[in-house]
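Taken in order, these protein sequences are the chains called A, B, C and D. Going by my numbering, 98 is the number at position 98 of the first sequence; the sequence numbering is gapless. Going by my numbering, 657 is the number at position 657 of the second sequence; the sequence numbering is gapless. Going by my numbering, 83 is the number at position 83 of the third sequence; the sequence numbering is gapless. Going by my numbering, 74 is the number at position 74 of the fourth sequence; the sequence numbering is gapless.
Heads up, none of these hints are tricks.
Restraint-style ranges between C-beta atoms, simulated for each label pair: (1) B/638 <-> C/38: 50 to 60 Å; (2) B/137 <-> A/157: 41 to 51 Å; (3) A/71 <-> B/461: 40 to 50 Å; (4) B/776 <-> C/46: 22 to 32 Å; (5) B/379 <-> C/33: 55 to 65 Å; (6) C/33 <-> D/9: 18 to 28 Å; (7) C/33 <-> D/33: 31 to 41 Å; (8) B/461 <-> C/40: 36 to 46 Å; (9) C/67 <-> A/71: 22 to 32 Å; (10) C/61 <-> B/777: 52 to 62 Å.
Selected chain D positions facing chain B (Cβ under 8 Å, derived; list incomplete): (11) 23; (12) 24; (13) 27; (14) 31; (15) 34; (16) 82.
Pulled a few chain B residues facing chain D out of the computed Cβ check, cut under 8 Å: (17) 240; (18) 243; (19) 297.
FYI, nobody ran anything at the bench for these hints, they're computed from the structure. Glycine included, each C-beta is placed from N, C-alpha and C at the ideal position.
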Amino acid sequence: MSVRVGVVVFPGSNCEQDTTWGLRLAGAEPVDLWHESPDLGGVAAVILPGGFAYGDYLRAGAIARFSPVMRAVAAFAEEGGLVLGICNGFQVLAEAGLVPGALLRNRGLRFVCREVTLVPERLDTPFTRLIGAGRTLRMPVAHGEGCYYAGAPELDALEREGGVLFRYATADGRPACTPDDPANPNGSLHGIAGVVNAAGNVAGLMPHPERAVEALLGSDDGLLVLRSLVDAAAAGAAAGGPAVVTTGGSR
Amino acid sequence: MNVPDVPLHRALGLADEELAAIEVKLGRAPNDVELAMFSVMWSEHCSYKSSRPLLATLPTTGPDVVAGPGENAGVQRIGDGLAVAFKMESHNHPSAVEPYQGAATGVGGILRDIFAMGARPIAVLDALRFGDPSDARTRHLVDGVVGGVGGYGNCVGVPTVGGELVFDPSYQGNPLVNVMAIGILREDRVMRAAAPGPGNLVVLYGSATGRDGIGGASVLASATFGDQDPSKRPAVQVGDPFAEKLLIEATLEIIDRGLAEGVQDLGAAGITCGVCETADRAGTGILVDLDAIPRREPGMAPFEVLISESQERMVAIITPDRLPAIEEVCARWGLPCAVIGRVTADGDIAIVEGGLDPDGRPRAGSREIARVPARALASEAIIFERLATPPARRGSTTAGSGTGVAVAGTVAAAAGSLPGRGMDPGAVLLALLGGPNLSSRRWVFEQYDQHVQTNTVAGPGRGAAVLRIKGTRRALVATTDCDQAVSSLDPYLGAALSVAEATRNVSVTGARPLGVTNCLNFGDPTRPEAFWALSEAVRGLGDACRALGIPVTGGNVSLYNEAPGSAIAPTPEIGVVGLADDVEQLVGPAFTADDAAVLLAGAAGPGLGGSAYAALAGVDADDDPPSLDLDREVALQAFLRSAIAAGHVPAAQDVSRGGLAVVLAEMAIWGGRGGSFRVPVAGSPAVALFGESPSRAILEARPGAVPALRSLAAEHAVPIVAIGRTGGERLLVELAGEGATGAAEERGAGVADAVDVALDELRHAWEHGLPRALGAEG
Amino acid sequence: MSTLDAAPTASFRFAVNVTPKEGILDPQGRAVEQSLPHLGVTGIDHVRVGRRVELSVAAADLAAARALVERLAGDLLSNPLIEQFEVEALAGASSATSGPR
Amino acid sequence: MSTLDAAPTASFRFAVNVTPKEGILDPQGRAVEQSLPHLGVTGIDHVRVGRRVELSVAAADLAAARALVERLAGDLLSNPLIEQFEVEALAGASSATSGPR
Ligand SMILES: Nc1ncnc2c1ncn2[C@@H]1O[C@H](COP(=O)(O)OP(=O)(O)O)[C@@H](O)[C@H]1O
Ligand SMILES: [Mg+2]
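Using the sequences and the hints given, assemble the complete structure.
In structure tokens form, the structure reads like this:
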């Protein structure tokens with residue numbers, strides 16, 4: 001029987017059904033987790049989906065992180081449970097301090113929706129384990145506040161300790177490490193598109209893997225991310241501390 | 001809002017004869033509250049008092065029509081027990097005043113029309129028209145409107161998958177913001193906006209009521225925009241997409257669980273419109289408990305509460321036993337809800353201050369502050385037979401069937417007047433492709449979420465949008481179109497051409513057009529020329545739809561689109577939804593292979609009037625637009641669908657704005673491969689390359705499929721010629737035929753023999769044209 | 001819901017001014033600066049765009065009210081990683097701000 | 001470009017507080033209010049969320065500086081249809097706001 005993966009539904013979430021659809025294609029049994037539910041119903045992993053929780057009013061994710069379910073998510077993460085935040089879910093995780101850094105308004109000050117290329121910086125995490133070496137992923141971004149920021153010391157630590165999960169890249173796979181690189185859609189520092197916490201069990205990314213799960217819609221690269229999570233959850237993968245980053249990207 | 005010395009009814013935008021009609025219907029003089037209710041319901045926007053007789057002439061029926069005009073949105077069957085709901089609406093005046101909020105609330109309003117039917121909104125298309133893109137105010141408007149469409153649509157989680165952005169001087173003082181929304185529902189779940197069953201409860205849920213857009217429906221939409229009278233200045237409505245998202249989920253749950261007898265969105269004219277339209281549709285009345293309506297602000301006058309246009313509100317008509325379930329759903333979604341009235345048998349809308357008792361009878365000491373027959377406000381609102389007079393300048397062509405060449409621009413007319421500018425056809429092509437109207441719209445649609453809900457097979461940017469329907473093999477194909485340039489020369493032809501192009505855009509993907517929605521943007525109907533343009537457009541719309549065999553299932557009329565001293569070009573915006581049984585069989589417009597045969601289906605007629613080339617190079621004012629033969633259009637579209645279904649055609653694109661040269665360039669740019677072509681020239685090379693005569697398409701043939709395509713074309717009596725092959729890094733177009741011989745001057749048009757441009761040059765012009773025009777590059 | 005421990009005796013109005021921390025990129029501020037020349041305005045710089053939240057608090061006294069607002073400002077209204085805030089007591093229980101005209 | 005008529009002698013720092021007009025819907029303020037129970041906070045209402053823009057002006061004197069800021073506030077920093085603003089002179093030429101920590 002397939003592994004149960006929770007999908008948190010905040011008021012204003014709008015990618016929960018897409019995520020559910022993607023998880024089914026990835027072989028999991030999705031379980032909706034209402035924002036008011038005090039527990040996670042014994043799921044093996046949790047996804048915080050995209051959308052505009054509480055309208056993204058004030059700051060994206062600022063209000064949502066106080067939802068009752070987030071206490072359960074934090075406890076789950078504390079015990080090493082696998083948590084993935086996608087787009088708005090990433091913003092909520094950052095506001096909750098479950099992943100390092102913050103997501104600022106896009107430098108261009110406009111919402112940006114386009115397909116991007118990602119280079120994975122880690123292939124040994126529960127979120128990337130099925131991505132073959134040397135592979136880039138194509139999937140869409142769609143956000144207004146996706147500019148990754150962390151203070152200089154935090155950023156160095158992040159790079160040093162392998163906290164960078166994905167970087168934006170040009171179509172031919174060159175990481176877009178500077179904020180003004182045309183392949184960097186929002187001005188993120190170091191071209192960071194996704195990060196993983198020090199324990200290696202909580203990750204957030206701005207691009208939408210759940211929107212890239214069928215060739216008919218342009219790409220199924222996102223399945224690699226979802227399958228990795230499902231696979232790791234099934235294996236009950238013990239989330240060990242991240243190994244030192246090997247693959248390129250950091251200048 | 002009552003200006004000294006001006007009688008209240010006039011201050012509210014009601015003419016003296018309208019007041020007289022109201023007194024006849026009531027058998028007495030209305031009090032101020034009743035007058036306010038009439039003023040909003042008898043506005044052009046809500047009553048269609050000028051356009052209703054015209055709209056009655058449109059074809060609205062068809063085998064798969066589940067709901068047509070008169071409901072919040074048209075609904076048509078699409079198989080597998082499913083149906084599609086779609087509708088287009090304008091938010092022109094609010095967007096001119098406050099572009100971001102005007103466009104945002106426009107999206108919110110049309111979405112409510114869709115989910116009020118019980119359909120989950122799956123897509124938005126935005127048709128936008130502005131003046132000079134280099135003008136600072138235009139840039140401010142474009143920025144705000146695009147921001148507002150995205151800001152709202154992105155947040156509620158409905159993808160924006162198509163639309164238009166057109167710049168034309170006639171919109172300088174009066175931009176157009178038309179928004180179309182599409183939803184999917186189970187056929188057996190279609191909800192009506194009616195209030196049946198005396199004794200049933202009227203529940204208002206969603207946002208609380210404030211002083212938003214007071215008088216908007218009458219004042220905002222019926223006063224010529226730009227009027228300085230402060231009493232006609234709108235109160236800006238602010239949209240809350242977060243509240244709308246909750247409203248969508250709550251409403252769909254209420255309808256899906258069968259908890260409501262009727263559901264209506266509150267838009268123009270607010271609660272007044274909501275109660276009188278639902279009661280009128282059911283032949284009932286409603287007793288409104290004014291005190292029960294949740295307020296956002298203290299001290300609101302009764303009339304303010306009744307006509308407020310506060311956004312993100314709905315009413316549901318329910319049997320009393322459903323109330324606990326409704327309250328539970330609203331509470332879960334964090335939406336306030338209140339029982340604000342009872343359905344009655346007397347057919348009146350009665351407003352009571354002081355509360356109702358548990359059985360819905362006015363409490364002791366309460367008082368009735370208004371009582372009006374529901375139909376007097378709604379279906380029996382006043383109707384005006386407006387005067388229609390064609391402008392002296394030119395008459396109307398008849399784009400009827402048969403020869404179709406009713407008024408054909410003569411080659412001489414075109415040739416004689418073409419300026420030396422644009423001598424080099426390659427340069428003309430680059431200017432067209434890189435111009436504000438034909439260049440890539442990426443700058444706009446990258447600000448829209450195009451993918452949420454994961455159905456977008458083809459998003460904005462390359463012809464019609466394609467949305468797969470989860471759980472089936474089917475797909476919906478949607479587009480909006482309007483030829484305002486030809487409409488301003490000939491509103492009948494312009495409307496017919498707009499329908500032809502919109503449906504062609506659907507057929508050229510391989511899908512079958514299902515139905516038409518529309519938004520008629522015109523000027524002051526009390527001006528005989530403006531009303532003539534409107535009636536001609538409706539005639540053209542009806543004729544085209546009858547010829548193509550598709551119903552008009554809904555739409556919207558926006559009049560008084562005039563800034564002081566300038567009327568917009570007549571703009572009959574057309575929205576079409578099509579259906580494909582197998583999404584895998586649909587084709588796109590990008591060349592798919594090298595060395596593939598390319599064919600031109602359909603025959604070109606003369607005439608450059610209203611073309612993009614004419615706007616660029618200028619033509620004689622008397623040069624007519626190309627004529628439309630609806631029989632040929634029908635034949636071409638049937639041929640396209642069967643050719644694609646047979647698998648002969650991996651790529652196809654219809655010939656429209658910019659003509660043949662621009663289509664070939666687009667197919668090449670998108671396909672990442674050029675091509676070499678020889679185009680037959682009957683008369684003027686300018687007409688051959690850049691003419692926009694309709695009912696034509698370019699097809700890429702599968703290897704070996706050319707003979708099959710020729711015989712299929714013959715079966716449909718569609719002329720077809722092979723014009724060249726794909727491949728290479730350049731676009732080469734040579735002109736063949738007697739029109740191509742002799743000196744350029746004799747040929748007229750000042751067009752030399754060939755287009756020969758590098759693909760990269762074309763791509764660069766096409767990609768940078770819009771941001772450059774808007775000064776947004778960098 | 002009302003708090004049991006303190007019976008509110010008065011209502012106090014505050015503003016919380018949230019601004020981007022020094023050194024944090026502020027694209028909105030930059031956008032404002034860049035648009036100034038078009039308005040023919042010169043001599044303006046160091047533009048920072050932040051948030052202003054005004055609210056009314058029912059509490060026993062000003063100190064208790066301010067304490068609550070400070071907490072809210074730090075937890076919800078600002079993100080300490082990127083923003084700084086300042087709490088401002090406003091005159092009276094109703095908004096003290098109003099346009100000049 | 002620099003203004004010729006007045007040789008700036010000093011730099012003044014201002015804040016422009018932009019808030020939604022009375023009666024205009026403030027979705028952000030409403031969302032904040034609705035979320036307070038989740039933080040276990042009660043007794044807070046009339047939340048209005050606006051913008052705060054801080055800027056430095058080089059001008060001959062405070063009056064001239066304020067005049068310029070008032071103009072800017074009306075033309076560029078606020079939308080008079082739905083927002084009201086208030087100009088606040090800040091101490092010194094540099095930002096007077098700073099977080100409590
Ligand atoms: N141009 C048109 N063509 C066909 N139907 C129209 C047109 N304009 C309005 N209608 C129909 O008239 C009815 C009333 O329109 P409208 O007042 O815009 O509805 P709503 O208030 O629900 O938005 C709707 O069913 C609409 O589809
Ligand atoms: Mg409606």
